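Residue numbers (my numbering), protein chains in the order written: chain A, 9 to 334; chain B, 453 to 618.
The set of hints was computed from the structure by calculation and includes no laboratory data. Hints should not be assumed to be uniformly reliable.
To be verified - Where chain A lies over chain B, by a calculated footprint (3+ residues, C-beta under 8 Å):
| # | segment |
| --- | --- |
| 1 | 497-506 |
| 2 | 551-560 |
| 3 | 573-581 |
To be verified - Distance windows between CB atoms, simulated:
| # | chain 1 | residue 1 | chain 2 | residue 2 | range |
| --- | --- | --- | --- | --- | --- |
| 4 | A | Arg222 | B | His454 | 45 to 55 Å |
| 5 | B | Ala578 | A | Ala47 | 40 to 50 Å |
| 6 | A | Gly233 | B | Gln509 | 51 to 61 Å |
| 7 | A | Ser277 | B | Pro524 | 46 to 56 Å |
| 8 | A | Asp232 | B | Pro524 | 50 to 60 Å |
| 9 | A | Ala171 | B | Ala494 | 42 to 52 Å |
| 10 | A | Ala196 | B | Glu484 | 50 to 60 Å |
| 11 | B | Gly539 | A | Leu166 | 30 to 40 Å |
| 12 | B | Pro524 | A | Ala198 | 29 to 39 Å |
| 13 | B | Ala578 | A | Gly233 | 47 to 57 Å |
| 14 | A | Gly233 | B | Arg603 | 31 to 41 Å |
| 15 | B | Arg599 | A | His36 | 42 to 52 Å |
| 16 | B | His454 | A | Ala196 | 12 to 22 Å |
These numbers were taken from a predicted model, which means no experiment stands behind them. Using N, Cα and C, we set each Cβ at its ideal position, and we do this for glycine too.
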Amino acid sequence: MDLLSSTGPAPRRPAGPTQAPRAAPALHRYAAVAGDAQAFFDAAASPLPRVVWPNTLRPRAAETLARVVGARCAGGEPLSWWPGAWRLPPDSEPGRWPEFATGLYHCQEEASLLAVWALDPQPGERVLDLCAAPGGKTALCAVRMGDRGLVIANDSVLSRLVALGDTLARLGLTSVVVTRCDGRSFPAPASPFDRVLVDAPCSCEGNSRKQGGRLPLCSPAKRDGLVRIQRALLCRALELVRPGGVVVYSTCTYAPEENEAVVAHAVASTPGVRIEHLAGPRGLRTSGGLVRWGEAHWPTWMEHAVRLWPHRSDTGGFFLARLRRV
Amino acid sequence: MHACAAFEVLADPTPYLRWLEERFGIAPSTFESYRWWRRRGARAVWIAARDVVVDAQWAVEAVGLVAFRKPPPRGYPTTAFVARFGGFATRRVAEVGDVEALALLRGAEIDWNSEPTAGPVVVRNASLGALGRGWIRSGRLTLELRREWRRRMGAANDHQPNPSHN
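Chain A with its partners taken away, still in its complex shape (with noise of 0.2 Å):
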C-alpha cells in the first residue's frame, strides 16, 4: 500500500474570510523606489508561498519529499534555484504533515534560502550564524555542509532558542553549537571564522505577506535603535571572519537605513573589506541595491548587493550584501 494515497491529505484549517489586499501606511515611503507601486503594495498584501527543502541527510529524502509534496499538495513546483526544494501554495500547511516530525524536510521562507545560497558554506568549514533563532538558516547551512565542520548558531535571547534547539534536534544536526552571546561583542575564538552570517534584528517590514498585509509602523526611535544594533552586529562580523572570508548581512526589511546604510557604514569603517557582486541565482527575480535614497547617496557597488521585491519575485521582502575580507 503506498504511504502517502492510503491516507489522503492532512488536514487544513478553514480559510479566513477573504480580503481586498491593501497596502500598509509603513510601505507608502517606498512607492518611489519599488517600481510599479501599486503592483509592490498589491503582492506586498498577498499571502506568502511556502518553501520546504529536504534534509539531505537522511537517506533518498530528495525523492521521498518529492512524493509526499505530490500526494499532499496540490500546485506544489519544484523551486528552479534550490535543488530538491518545493514551492507550495500559500495555504498548505507542511509544518502539520505528520512526515515533518522525521525530519525528513523542513518549511522555510524562500527569500531566507538565498541567505544561505549567498553565504555559500562548505563541508568543514567553520561558519558563524551571528542572530540564528529560529535557526531556519543555521540548519540550512549545516544540511548544505554536510553534517561536517562547525556552524555556531548565537543568539542573545534564552526564550528564542526554544524554537532553534526543537528544528536542530528534529533535523538531528550534530555539527552545531548552539550559544547565547551578544552578537556584537561575540568572543573571537582561537581560530576566526571562514563565513560569518548577519541576518540581523530588522523593522520585518518585508514579513507583510505573513501578517496578511499588516505592518506596524516603525517609529524613527526604533529605526535608529536597530540601525545602531544592524552596524554593530555586521562590524563585528567583519572583525571574526578570517581574511578571504565571508560575511553575508540581510534582513528582511525595505528600509535603506537599515540595509544599503548599514553595509555602507561597514565598509567604510572597515580596512580590507569589499562587497561582491550577486547576480542572485537563475529563476530568482533579484533586483540591485539602492544608490539613493531621499537626501543618502552610496557609491555605485551598492548596486552589487541583492534585493527582494514582492511584486518581482513573489517573495518577501529581502535585502543582502555579501562581504570579503581581502
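We have chain A already, so just place chain B on it with the hints.
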C-alpha cells in the same frame, strides 16, 4: 578546544557505544567521526561531529544532538538520535508499513505481535527511514516524539487510526 564552562568531551563513551551495539546492533565504528560530550553536572550525553569545538568564552547552550538523557542501563537513546542513526541498526528494529508509520507519527499505539516483544526499538519504515525510538509494552508499539512535534500536527489529528501490525 574541547571544553568550556558548560560542556566537555566525554572521556570514555564506551557504555553508550556498548549499549548501542548490544541493543540495536549499531557498530561502534559508525561513530568514529563523532565525539561524545556531556554537560557539566548533568546526566545527558550529546553527540557532535568531530570537527566541533567550543571556546572557553562562549556561553554554550548545546553541542550537537542529545543522544542519551540518562546513562545506560536506565537511560535510552533519544528519539532524535534514533531517527538520525537508526538506519544503521541491525537488531531490535520494528519495521512498520505505511499506514502504521503515519499512525505512530500521529501518536497512536499499534498492535505488535512480532519480535522483539518488549522494550526499546528502532521504528523504521521503507519510505521514511528511521522514525525514532519506539517502545513495545504488552503487545503494543508506540513511537516517542517530542510533544512540540505532535502539537504541530494539530488537534485535527486527534482521531487517530489504530491499525494492527501485519
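>> Given a hint of 50 to 60 Å, does the C-beta separation of Asp232 of chain A and Pro524 of chain B actually sit inside it?
In response: The hinted range 50 to 60 Å holds for Asp232 of chain A and Pro524 of chain B, with Cβ atoms some 55 Å apart.
> Are there three or more residues in the segment 573-581 of chain B whose C-beta lies within less than 8 Å of some C-beta in chain A?
Replying inline: holds (count 4)
>> Quick check on a hinted range of 29 to 39 Å for Pro524 of chain B and Ala198 of chain A, using CB atoms only.
In response: Since the Cβ atoms of Pro524 of chain B and Ala198 of chain A sit about 35 Å apart, the hinted range of 29 to 39 Å holds.
> Within 50 to 60 Å or not, the Cβ separation of Ala196 of chain A and Glu484 of chain B?
Replying inline: At roughly 31 Å between Cβ atoms, Glu484 of chain B and Ala196 of chain A fall outside 50 to 60 Å, so the hint is violated.
> So the hint says 42 to 52 Å: do the beta-carbon atoms of Ala171 of chain A and Ala494 of chain B match that?
Replying inline: violated, 22 Å
> Holds or violated: 40 to 50 Å for the Cβ distance of Ala578 of chain B and Ala47 of chain A?
Replying inline: holds, 47 Å
> If you look at each residue in the segment 497-506 of chain B, do at least three have a Cβ nearer than 8 Å to any Cβ of chain A?
Replying inline: holds (count 7)
>> Can you confirm whether chain A covers the segment 551-560 of chain B, using C-beta to C-beta distances below 8 Å and requiring at least three such residues?
In response: holds (count 5)
> Does the Cβ-Cβ separation between Gly539 of chain B and Leu166 of chain A fall within 30 to 40 Å?
Replying inline: Holds: the Cβ-Cβ distance is about 34 Å, inside 30 to 40 Å.
>> Tell me if the beta carbons of Arg222 of chain A and His454 of chain B are separated by a distance inside 45 to 55 Å.
In response: At 48 Å between Cβs, range holds.
>> I want to verify a distance hint. Is the separation of the beta carbons of Ser277 of chain A and Pro524 of chain B within 46 to 56 Å?
In response: Between Ser277 of chain A and Pro524 of chain B, where Cβ atoms are some 54 Å apart, the hint holds.
> Measuring from beta carbon to beta carbon, are His454 of chain B and Ala196 of chain A in 12 to 22 Å?
Replying inline: holds, 18 Å
Checked against the numbered hints listed earlier, the structure breaks hints 6, 9 and 10; every other hint is satisfied.
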